[in-house]
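Chemist: Line by line, the protein sequences give chains W and A. According to this note's numbering, the stretch in the first sequence is residues 1 to 205, in order. According to this note's numbering, the stretch in the second sequence is residues 1 to 205, in order.
Quick caveat, the hints were computed from the structure, so don't treat them as lab data. All figures in this text were calculated on a predicted structure; none of them were measured in a lab. Mixed in with the good hints, there may be bad ones.
Treat identical chains as interchangeable: a pair holds within one or across any two.
[Unchecked claim] Here are the simulated lysine to any residue pairs, SDA-like style, with alpha carbons at most 20 Å apart:
id : residue 1 : residue 2
1  : K164      : V33
2  : K119      : K203
3  : K120      : A170
4  : K166      : I197
Listed here are the chains, written in short residue letters.
2 protein chains.
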Amino acid sequence: MTLAEKVNFHILHEGALLFVISGPSGVGKDSVVKALKRRPAKFHFVITANTRVPRPDEVEGVDYFFVSKAHFEEMIKNNELVEWAHVYGDYKGVPKSQIEGALASGKDVLMRLDVQGAKKIKSLYPSAILIFLLPSSEEEWRRRLEERAREQGTDVDMDIRIEKMKEELATLGIFDYAVINADGQLNQTVETILAIITAEHHKLV
Amino acid sequence: MTLAEKVNFHILHEGALLFVISGPSGVGKDSVVKALKRRPAKFHFVITANTRVPRPDEVEGVDYFFVSKAHFEEMIKNNELVEWAHVYGDYKGVPKSQIEGALASGKDVLMRLDVQGAKKIKSLYPSAILIFLLPSSEEEWRRRLEERAREQGTDVDMDIRIEKMKEELATLGIFDYAVINADGQLNQTVETILAIITAEHHKLV
Numbered sequence: 001m002t003l004a005e006k007v008n009f010h011i012l013h014e015g016a017l018l019f020v021i022s023g024p025s026g027v028g029k030d031s032v033v034k035a036l037k038r039r040p041a042k043f044h045f046v047i048t049a050n051t052r053v054p055r056p057d058e059v060e061g062v063d064y065f066f067v068s069k070a071h072f073e074e075m076i077k078n079n080e081l082v083e084w085a086h087v088y089g090d091y092k093g094v095p096k097s098q099i100e101g102a103l104a105s106g107k108d109v110l111m112r113l114d115v116q117g118a119k120k121i122k123s124l125y126p127s128a129i130l131i132f133l134l135p136s137s138e139e140e141w142r143r144r145l146e147e148r149a150r151e152q153g154t155d156v157d158m159d160i161r162i163e164k165m166k167e168e169l170a171t172l173g174i175f176d177y178a179v180i181n182a183d184g185q186l187n188q189t190v191e192t193i194l195a196i197i198t199a200e201h202h203k204l205v
Numbered sequence: 001m002t003l004a005e006k007v008n009f010h011i012l013h014e015g016a017l018l019f020v021i022s023g024p025s026g027v028g029k030d031s032v033v034k035a036l037k038r039r040p041a042k043f044h045f046v047i048t049a050n051t052r053v054p055r056p057d058e059v060e061g062v063d064y065f066f067v068s069k070a071h072f073e074e075m076i077k078n079n080e081l082v083e084w085a086h087v088y089g090d091y092k093g094v095p096k097s098q099i100e101g102a103l104a105s106g107k108d109v110l111m112r113l114d115v116q117g118a119k120k121i122k123s124l125y126p127s128a129i130l131i132f133l134l135p136s137s138e139e140e141w142r143r144r145l146e147e148r149a150r151e152q153g154t155d156v157d158m159d160i161r162i163e164k165m166k167e168e169l170a171t172l173g174i175f176d177y178a179v180i181n182a183d184g185q186l187n188q189t190v191e192t193i194l195a196i197i198t199a200e201h202h203k204l205v
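With the hints as extra help, turn the sequences into a complete structure.
Modeler: What follows is the structure, encoded as structure tokens:
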């Protein structure tokens, strides 16, 4: 009989955990997830299903699962999606198999979701650990949003953004951690997220 | 007005936190604390008051505060100690000033305590974060205890030790984290504790 058995040692999070990286648009969720993918830690990154045409640099099964609209509607009908949205005529959604298969394999699951999606996940998987990314300053956040708006040829109303973030922060009760993703400090953000993941595995239940 | 003020941003643990490293005798608490002291992170390590004669390698104010018995009894009378014990004719105890002064300075406070002391601290400082160190196997733990017993010329009754640890584990409800301190893996233990400290500073309150 091992020491663990003798002292009834089943107190650590030995199983796989589910982490959600969320935060307001423009905070840098994509860059953080991309940087996490380059780390040697063994995570399963959730891949979203999408019905739009792949962009030249996008790889099937790595960036997205590219499926037909008929296939996607079938997935909706069969309740195969954790959450989904219909944006600009295309569907986008998270297949349940992406989460459940990965957790069963023993790997931690990481996913990137907007605040609404994070709420949805928490209601479906109450043990999910939700990390909220925050911009370090309004100026920096504005700069990032304006940059993206230029790329997309749209406008940025910072007042609306800040109001929206206030609303999102009001729901922060469902989030477990907050990490400031400061400009030029991506490595720091990633280290903090990895520390949170390590700590969660040592939490007593 | 900063973004932080606009969105009512006071959600992170910006203040200093109090961490307690605890666990059964022989698990290696001293080695872990010594290794943490060598890290560049800015902690305040709690120093215990002691009435015994300093050993040749012990430094006043670094290893212990060496005080007279009369002084120590004065400290007890004035309620200046968080906890204290009378062992082999000498007093040993943790001055409150060690904790409160350090927290006020903004540095995280780290202390090493046995399970009884950890309980006491949690009752006095409910926000203290308690980390329980565990041996990785009975064989390794036995080896460490026997080594110490040889040094001290005493015997080790492993059955009693294991019974005591079972009792201690029954109180694990008061502990927040458990970390296995495996032989030859001190660096791993220290990294995990540092990750826990980082994570705790990003926890939402």
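Chemist: All hints, please: hold or fail.
Modeler: Okay, the hints, checked on the actual structure:
Taking the closest pair of Cα atoms, K164 and V33 never come within 20 Å of each other, the shortest separation being 23 Å inside a single copy and 45 Å across copies. For the identical chains of this complex, K119 and K203 are inter-copy neighbours only, at 17 Å across copies versus 22 Å inside a copy, given an alpha-carbon limit of 20 Å. Proximity of K120 to A170 under the C-alpha cut-off of 20 Å is restricted to the intra-copy arrangement: shortest distance 16 Å within a copy versus 36 Å between copies. Proximity of K166 to I197 under the C-alpha cut-off of 20 Å is found in neither arrangement, the shortest distances being 26 Å within a copy and 28 Å between copies.
Hint compliance for this structure: hints 1, 4 are broken, all remaining hints hold.
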